[in-house]
Amino acid sequence: MFSFLFRRLLVLIPTYIGITLTAFVFIRVIPGDPILVMSGERSPSPEKYAELMHAFGFDQPLYVQYFEYVKDLLQGDFGKSIVTGRPVLEEFFELFPATVELAAFALFFALLIGIPAGIIAAVKRGTFYDHTLMTISLTGFSMPLFWWALLLIVFFSGYLGWTPVSGRISALYFFDTPTGFMLIDSWLSNEEGAFKSAVMHLILPAVALGTIPMATFARQSRSAMLETLGEDFIKTARAKGLSPFKVTVVHAFRNALIPIVTVIGLSVGVLLGGAILTETIFSWPGIGKWMVDSIFRRDYPVVQGGLILIATIVIMVNLTVDVLYGIIDPRISKKGH
Amino acid sequence: MSGEAINNQPKQSALMAVLASFWFEFRQNRGAFYGLIFMSILLICAFLADFISPYSPIEQYRDALKLPPVWVDGGTWAHIFGTDALGRDMLSRMIYGSRFSFYIGVIVICICLTVGVMLGLIAAFNKGFIENCIMRLMDIILAFPSLLMALALVAILGPSLLNAMIAIAVVYIPHFVRLTRAQALSELGKDYVSSSKTMGASQARLMFINVLPNCMAPLIVQATMSFSSAILDAAALGFLGMGAQAPTPEWGTMLADARQYIQSDPWMMGIPGLAILFTVLSINLIGDGLRDALDPKMKTSKT
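Line order of the protein sequences matches chains G and R.
Residue numbering for the first sequence follows my numbering, starting at 117 and increasing by one per position.
Residue numbering for the second sequence follows my numbering, starting at 539 and increasing by one per position.
It should be emphasised that the hints constitute simulated quantities derived from the structure, not laboratory data.
In this text, all values refer to a predicted model and were calculated from it rather than measured experimentally.
Misleading hints may appear alongside valid ones.
[Unchecked claim] Cross-link-like lysine to any residue pairs, in silico, SDA-like; alpha carbons within 20 Å at most:
| hint | chain 1 | residue 1 | chain 2 | residue 2 |
| --- | --- | --- | --- | --- |
| 1 | G | K240 | R | R568 |
| 2 | G | K187 | G | K240 |
| 3 | R | K665 | G | R123 |
| 4 | G | K196 | G | F142 |
| 5 | G | K164 | G | F183 |
| 6 | G | K351 | G | V365 |
| 7 | G | K351 | G | S339 |
| 8 | R | K665 | G | V127 |
| 9 | G | K356 | G | N371 |
| 10 | G | K240 | R | F667 |
| 11 | R | K604 | R | S802 |
| 12 | R | K665 | G | S339 |
| 13 | G | K240 | G | F361 |
| 14 | R | K604 | G | V270 |
| 15 | R | K665 | R | V731 |
| 16 | R | K728 | R | M754 |
| 17 | R | K665 | G | T131 |
| 18 | G | K196 | G | K240 |
| 19 | R | K665 | G | V141 |
| 20 | R | K728 | R | S802 |
| 21 | R | K604 | R | P785 |
| 22 | G | K196 | G | G173 |
| 23 | G | K196 | G | E210 |
| 24 | R | K665 | R | A742 |
[Claimed, not checked] On the chain R side, residues computed to face chain G include the following (Cβ under 7 Å):
| hint | residue |
| --- | --- |
| 25 | L689 |
| 26 | A773 |
| 27 | F777 |
| 28 | G811 |
| 29 | V818 |
| 30 | L819 |
| 31 | N822 |
[Stated by the list, open to error] Simulated coverage check for chain G against chain R, where a stretch passes if three residues somewhere in it have a Cβ under 8 Å from a Cβ of chain R:
| hint | segment |
| --- | --- |
| 32 | 130-142 |
| 33 | 253-265 |
Where is the CB? At the ideal position from N, CA and C, for every residue including glycine.
Using the sequences and the hints given, assemble the complete structure.
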């Protein structure tokens, strides 16, 4: 197990160097002078220009700049935002809980509906239920996320007036946010109605973001279940006289878990990518919106640092999934695959 | 089932038999069949846009702003899908927009297939350093969420439809490389490759004539699926203002324009959105059908 983990970590080193290099090169290959691009309309005086060039280290040779950057990174210094002047890492950790909250609930929603739907479709293969569920999930899979989010807003916020349109909580509530997770903070605050407001703000974005993963889970768990349901040990279990529920959930589902866990792991990247659109549409103050705003504001240190931090999350999740494989199916880590 | 019969026949009719059995398998899947019909209609629209669209997609009719579609009160047959905020005919914009969807899908897939297959084959044939370099590079691209990576790339290249397509292609290439390499590696261990090697076939011959044709089935399925994702991602970039620029009648850009009228004139947003949904859905249905027909092992939708 540990040698498996160690080998996986070792492979990560070149990948990680590549990631920092990519993020670093991004800023340098932008056409035009980065200082002039950053300062926009306000063209700086020659002295100010030289000062800025020096401050950002652009007057150094490229390889020196890169090593300086990596040295800073290793000390946890991701640079400062040009727009707000605050450290990138500080902004990231302030906004990250909002994205985690959104993505976690989207994932929860997707798993809660997607996996049972897939199992039912597999068990009732070829019936009306199967066809209906698979048609719905393929439609969800094909849905343009930004359009779906707008439709949800038009219907649930506009027409029915059930949920608010944007933000994380109503502007009427003021309380400390020690954890950054609005649901927990509003619960702790003891303010009447605050928790309900936070939940109502979360529902629509989470459903919008969870729709595509939900459809993927339903399709994947159906095909994985179909595969295992055809195996001999299922026939044995049935022949032993086990209840259909036990055969399906205990015997078949456990063996169908590997491909399902793979898709769940892959969906974290999808969720983070989808968060860009969802957060922009719902004005959800998370890292997705932060990245889009920074790209539009040409806040390059933020884009650079944000790319590295987000890639780190994706890599960590992939690693966790690999380790989980070993736990679900011990044959994999032994093979050293 | 019909494998032996095919082998016994001359080459020409063997190909026909393969195609016939492919068509038979494909038609078994009703969804794929409907998807193919929808895509055929769309393809005709794209080709004949100049002839069938009633107006120019960018001409502004100032006396008919924000006209609703014909089935809503106040709509006229002069503008069947209504007009947008600048008085441009929605139907004509939709018809011309279908061109861009194909354009995006075809270009992205061409780039992905050429680059992805080349890199994948090179990685499979050159074990060691070269393979490691290529695969690590792909890992790096895959570490970034695809939309974020595409967004950052477009920010560098400058917002335009062409740059959006290049960015999307770059983000999809790793999937093609991994698939080609895995497929080629499993083919390389087979007897026909060793015997071809023994007979002195060059590496290029081994790559393109022996191995590649046997890797095509999963690549075709992957290409179909990427075609639909490319349309979705290009629309998303257009929606964020980083794809096609006004007045291009690209569906995602049209959605972005319609966003501020979402309460007052919802059809402006509804029509392009539905068009994207149906197009992507059709391609995915075709993809499912192709997978069932090409790779019976991966059957998902068949009972």
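Structure-based check of all given hints:
1. G:K240 x R:R568: Holds - the C-alpha atoms of R568 (chain R) and K240 (chain G) are around 19 Å apart, at most 20 Å.
2. G:K187 x G:K240: Violated, at about 58 Å.
3. R:K665 x G:R123: 19 Å, holds
4. G:K196 x G:F142: It holds: about 17 Å lies between the C-alpha atoms, which stays within 20 Å.
5. G:K164 x G:F183: 25 Å, violated
6. G:K351 x G:V365: Holds, because 14 Å separates the two Cα atoms, which is no more than 20 Å.
7. G:K351 x G:S339: Holds: K351 (chain G) and S339 (chain G) sit about 18 Å apart, inside 20 Å.
8. R:K665 x G:V127: 16 Å, holds
9. G:K356 x G:N371: 18 Å, holds
10. G:K240 x R:F667: Given pair K240 (chain G), F667 (chain R) is violated - Cα atoms ~49 Å apart, limit 20 Å.
11. R:K604 x R:S802: Answer holds: K604 (chain R) to S802 (chain R) is near 10 Å, not above 20 Å.
12. R:K665 x G:S339: Roughly 33 Å between the alpha carbons, so the hint for K665 (chain R) and S339 (chain G) is violated.
13. G:K240 x G:F361: Holds: K240 (chain G) and F361 (chain G) sit about 13 Å apart, inside 20 Å.
14. R:K604 x G:V270: 18 Å, holds
15. R:K665 x R:V731: Judged against 20 Å, a Cα distance of about 16 Å means the pair holds.
16. R:K728 x R:M754: Holds: K728 (chain R) and M754 (chain R) sit about 16 Å apart, inside 20 Å.
17. R:K665 x G:T131: 18 Å, holds
18. G:K196 x G:K240: Measuring from Cα to Cα gives roughly 56 Å; hence the hint is violated.
19. R:K665 x G:V141: 28 Å, violated
20. R:K728 x R:S802: Cα-Cα ~64 Å, so violated.
21. R:K604 x R:P785: OK: K604 (chain R) and P785 (chain R) at ~16 Å, within 20 Å.
22. G:K196 x G:G173: 13 Å, holds
23. G:K196 x G:E210: 14 Å, holds
24. R:K665 x R:A742: 16 Å, holds
25. L689: Status holds, d = 6 Å.
26. A773: 6 Å, holds
27. F777: With Cβ-Cβ at 5 Å, under 7 Å, it holds.
28. G811: Because about 4 Å separates G811 (chain R) from the closest Cβ in chain G, which is inside the 7 Å limit, the hint holds.
29. V818: 4 Å, holds
30. L819: 4 Å, holds
31. N822: 5 Å, holds
32. 130-142: holds (count 6)
33. 253-265: holds (count 9)
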